[in-house]
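Protein sequence lines correspond, in order, to chains X and D.
Numbering that gives the first Met the number 0 applies: residue 0 is where the first sequence begins, and numbers increase by one.
Numbering that gives the first Met the number 0 applies: residue 0 is where the second sequence begins, and numbers increase by one.
Hints in this document: simulated from the structure, not taken from any laboratory.
Just so you know, even glycine gets a beta-carbon here, dropped at the ideal spot from N, CA and C.
Among the clues, some could well be false.
[What the hints assert, rightly or not] Some chain X residues flagged as far from chain D (calculated, every beta-carbon gap over 10 Å):
#1 D91
#2 S112
#3 Q183
#4 L203
#5 A205
#6 L224
#7 K299
[To be verified] Among the chain D residues that face chain X by a calculated CB cut under 8 Å, a handful are:
#8 R16
#9 K34
#10 V57
#11 L59
Number of protein chains: 2
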Amino acid sequence: MNKKSNSELKKLEDAARAAWLYYVAKNTQDEIAQKLDVSRQSAQRLVALAVSEGLIKVRLDHPITRCMELAEQLKSKFNLLECEIAPSDPSDINSTYGLAQSGAKILERYLKSKQPKTLAFGTGRSLKACIDELPNMECEQHNLVSIVGNMMQDGSASKFDIVVSMANRVNAKHFPLPLPLFAQTHEQKALLHDLAPVKNIFNLAANADATFVGIGHMTQSSPLLMDGFIEPEQLQSFQNTGVAGEVVSWLYDNNGELIDNSLMQCLLSAPLQINADKPVFGIAAGPEKVTAITSALKGKLINALITNEYTAEQILKNIS
Amino acid sequence: MNKKSNSELKKLEDAARAAWLYYVAKNTQDEIAQKLDVSRQSAQRLVALAVSEGLIKVRLDHPITRCMELAEQLKSKFNLLECEIAPSDPSDINSTYGLAQSGAKILERYLKSKQPKTLAFGTGRSLKACIDELPNMECEQHNLVSIVGNMMQDGSASKFDIVVSMANRVNAKHFPLPLPLFAQTHEQKALLHDLAPVKNIFNLAANADATFVGIGHMTQSSPLLMDGFIEPEQLQSFQNTGVAGEVVSWLYDNNGELIDNSLMQCLLSAPLQINADKPVFGIAAGPEKVTAITSALKGKLINALITNEYTAEQILKNIS
DNA sequence: CACCACTTTGGGCATTAGCCCAACCGATGG
DNA sequence: CCATCGGTTGGGCTAATGCCCAAAGTGGTG
Numbered sequence: 000m001n002k003k004s005n006s007e008l009k010k011l012e013d014a015a016r017a018a019w020l021y022y023v024a025k026n027t028q029d030e031i032a033q034k035l036d037v038s039r040q041s042a043q044r045l046v047a048l049a050v051s052e053g054l055i056k057v058r059l060d061h062p063i064t065r066c067m068e069l070a071e072q073l074k075s076k077f078n079l080l081e082c083e084i085a086p087s088d089p090s091d092i093n094s095t096y097g098l099a100q101s102g103a104k105i106l107e108r109y110l111k112s113k114q115p116k117t118l119a120f121g122t123g124r125s126l127k128a129c130i131d132e133l134p135n136m137e138c139e140q141h142n143l144v145s146i147v148g149n150m151m152q153d154g155s156a157s158k159f160d161i162v163v164s165m166a167n168r169v170n171a172k173h174f175p176l177p178l179p180l181f182a183q184t185h186e187q188k189a190l191l192h193d194l195a196p197v198k199n200i201f202n203l204a205a206n207a208d209a210t211f212v213g214i215g216h217m218t219q220s221s222p223l224l225m226d227g228f229i230e231p232e233q234l235q236s237f238q239n240t241g242v243a244g245e246v247v248s249w250l251y252d253n254n255g256e257l258i259d260n261s262l263m264q265c266l267l268s269a270p271l272q273i274n275a276d277k278p279v280f281g282i283a284a285g286p287e288k289v290t291a292i293t294s295a296l297k298g299k300l301i302n303a304l305i306t307n308e309y310t311a312e313q314i315l316k317n318i319s
Numbered sequence: 000m001n002k003k004s005n006s007e008l009k010k011l012e013d014a015a016r017a018a019w020l021y022y023v024a025k026n027t028q029d030e031i032a033q034k035l036d037v038s039r040q041s042a043q044r045l046v047a048l049a050v051s052e053g054l055i056k057v058r059l060d061h062p063i064t065r066c067m068e069l070a071e072q073l074k075s076k077f078n079l080l081e082c083e084i085a086p087s088d089p090s091d092i093n094s095t096y097g098l099a100q101s102g103a104k105i106l107e108r109y110l111k112s113k114q115p116k117t118l119a120f121g122t123g124r125s126l127k128a129c130i131d132e133l134p135n136m137e138c139e140q141h142n143l144v145s146i147v148g149n150m151m152q153d154g155s156a157s158k159f160d161i162v163v164s165m166a167n168r169v170n171a172k173h174f175p176l177p178l179p180l181f182a183q184t185h186e187q188k189a190l191l192h193d194l195a196p197v198k199n200i201f202n203l204a205a206n207a208d209a210t211f212v213g214i215g216h217m218t219q220s221s222p223l224l225m226d227g228f229i230e231p232e233q234l235q236s237f238q239n240t241g242v243a244g245e246v247v248s249w250l251y252d253n254n255g256e257l258i259d260n261s262l263m264q265c266l267l268s269a270p271l272q273i274n275a276d277k278p279v280f281g282i283a284a285g286p287e288k289v290t291a292i293t294s295a296l297k298g299k300l301i302n303a304l305i306t307n308e309y310t311a312e313q314i315l316k317n318i319s
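Make the full structure from the sequences, and use the hints.
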């Protein structure tokens, strides 16, 4: 995916120049146009390109009091190791702007460590968005481990594979889990889990310094359904049998108790490991996710949370 | 030092919110004003406050960033009209790969102008490499002038003659300087400089819209020595008498002061003309060149610079 | 070489941002 | 109670920005 043609790279370089002049040197687009000898409109396009290509990262460096209070409350209610709340856009509760930046900030903290760290990752759109907010870094000392299979049924790699795209960006050793999401049978599952590389990956994951997972919900827009891992009828049956959400595809009920059914018995994801001092971050926000997040917190499927102001408020309202 | 009154803190928080809505959630200031229930102007002030308080961090995630910063530093330290820094290959500090492209880009900017321009040129390998990076163009409106003799002692044309090979490529009117590098005597120099075509060329050069020169260093690989213009003993004596470098064969010391000796008195190159608004670009890079470039900058023998990242860093380290 | 499809360019225009300034507010002291 | 003063507010103006669209350029194909 990093295949950019030479002319595209050249253009990106110009875009970076333009963006630098614009954001860092505070030039107007007119001035940039002069300096790069292009028209004003082209300069504008270059700046826009730099932004849309993600060359420009904006970060807000202020502890917004309200968010900190919410974080504090959630931490104490659910005994969390960490909790980060991004501000919400009050007029658009569905917006997850900001979540990615907050997640990236946490990730960066681990990545910047000189000590080698092992970080484990689930899947999900929010998680992917965090990766996209990471700067390019050199982190050869760390290990990135996938705890959920990255193969689609047809053998292609999942487009939400976190570990690979993250490794591209931060240049760390990475261990994608070369398995589909579900096995066909119990026996196959046992077989696959007995493979040496898989055992090694699970072992790394079990001892990871931090784990980052998305939290899937069970409405019509459930990620499992959207990405074709389950059928609409299955989703319906999950909803009917009280499934509240999923974490690395482990389904759980309203109390966060893992559900044991035939599907789960074929699930190839690493078992969820929560131990006292290693954080397992759930990353999710939005009205649809509130129940799923609340339940995951109740069942201690996660012990750290990255969400936004709106979602945090709803979670606290849910349990009070 | 962080003594902020309560109301100031409150204001900062609003500023943070406004800035978040502006930069992260991409709201317009009007929308922010509505959401925070202030006037549009106040919203603008809040955003400006957040920026000036450093709450907003903009990062540009592209290798070119470093180059732009270095260029800015050099420009302000030496009061340069222009400065272009090409990225260096970190694993090979000697490589001048990229320098030629950067130089060609600047040249092209002048050549693309519809207005007739007069461009003056010294000699040098780096400069030649820039020419080789130029695309073929039709530039009949421009004049290309040589400010250094292109004749070898035996009457053949120097292989580094810039103006001729450039004219071949861009099809512009050109004025090679039909003189050797050095005259035999003062009298001969006066005679040659009095020739009408030479006077015309010097006149054009003195009023050139931009001048491009290489920067020669004084180690064993000095271009003057390599090309047979001076003898090893002369080089040795230059080194002993504190010659730091040369620009169009004008020798100068560590402070960029021109050196006056018998050889210089016979030098036929055009005098160096630096005036406030016409750039004289020095083009050079590499560890051997650092001292020569630094001195030329100090002495204002050049007022614009094209070099690479490594060299720029060394220059800045040299003078700090 | 002409043709078509696709991209890039820059003029024109509506929207947005930045800033000056007069009016206003509220605390303080006479 | 009023005068003063530092600071804040929002009207109004201009510069800057973002975007549409027609036109020019580019590259691939028969």
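Outcome of the hint check:
1. D91: violated, 8 Å
2. S112: Its Cβ never comes within 10 Å of chain D, the nearest being 19 Å, so this holds.
3. Q183: Nearest chain D Cβ is 43 Å from X:Q183, so the label holds.
4. L203: The claim stands: X:L203 keeps its Cβ more than 10 Å from every Cβ of chain D (closest is about 28 Å).
5. A205: holds, 33 Å
6. L224: Per Cβ check, X:L224 is outside 10 Å of chain D; nearest 28 Å; holds.
7. K299: holds, 31 Å
8. R16: holds, 6 Å
9. K34: Hint holds; D:K34 Cβ to chain X Cβ min 5 Å, cut 8 Å.
10. V57: holds, 5 Å
11. L59: Cβ of D:L59 sits 5 Å from chain X, so the hint holds.
Comparing the model with each numbered hint stated earlier shows that hint 1 is the single one that does not hold.
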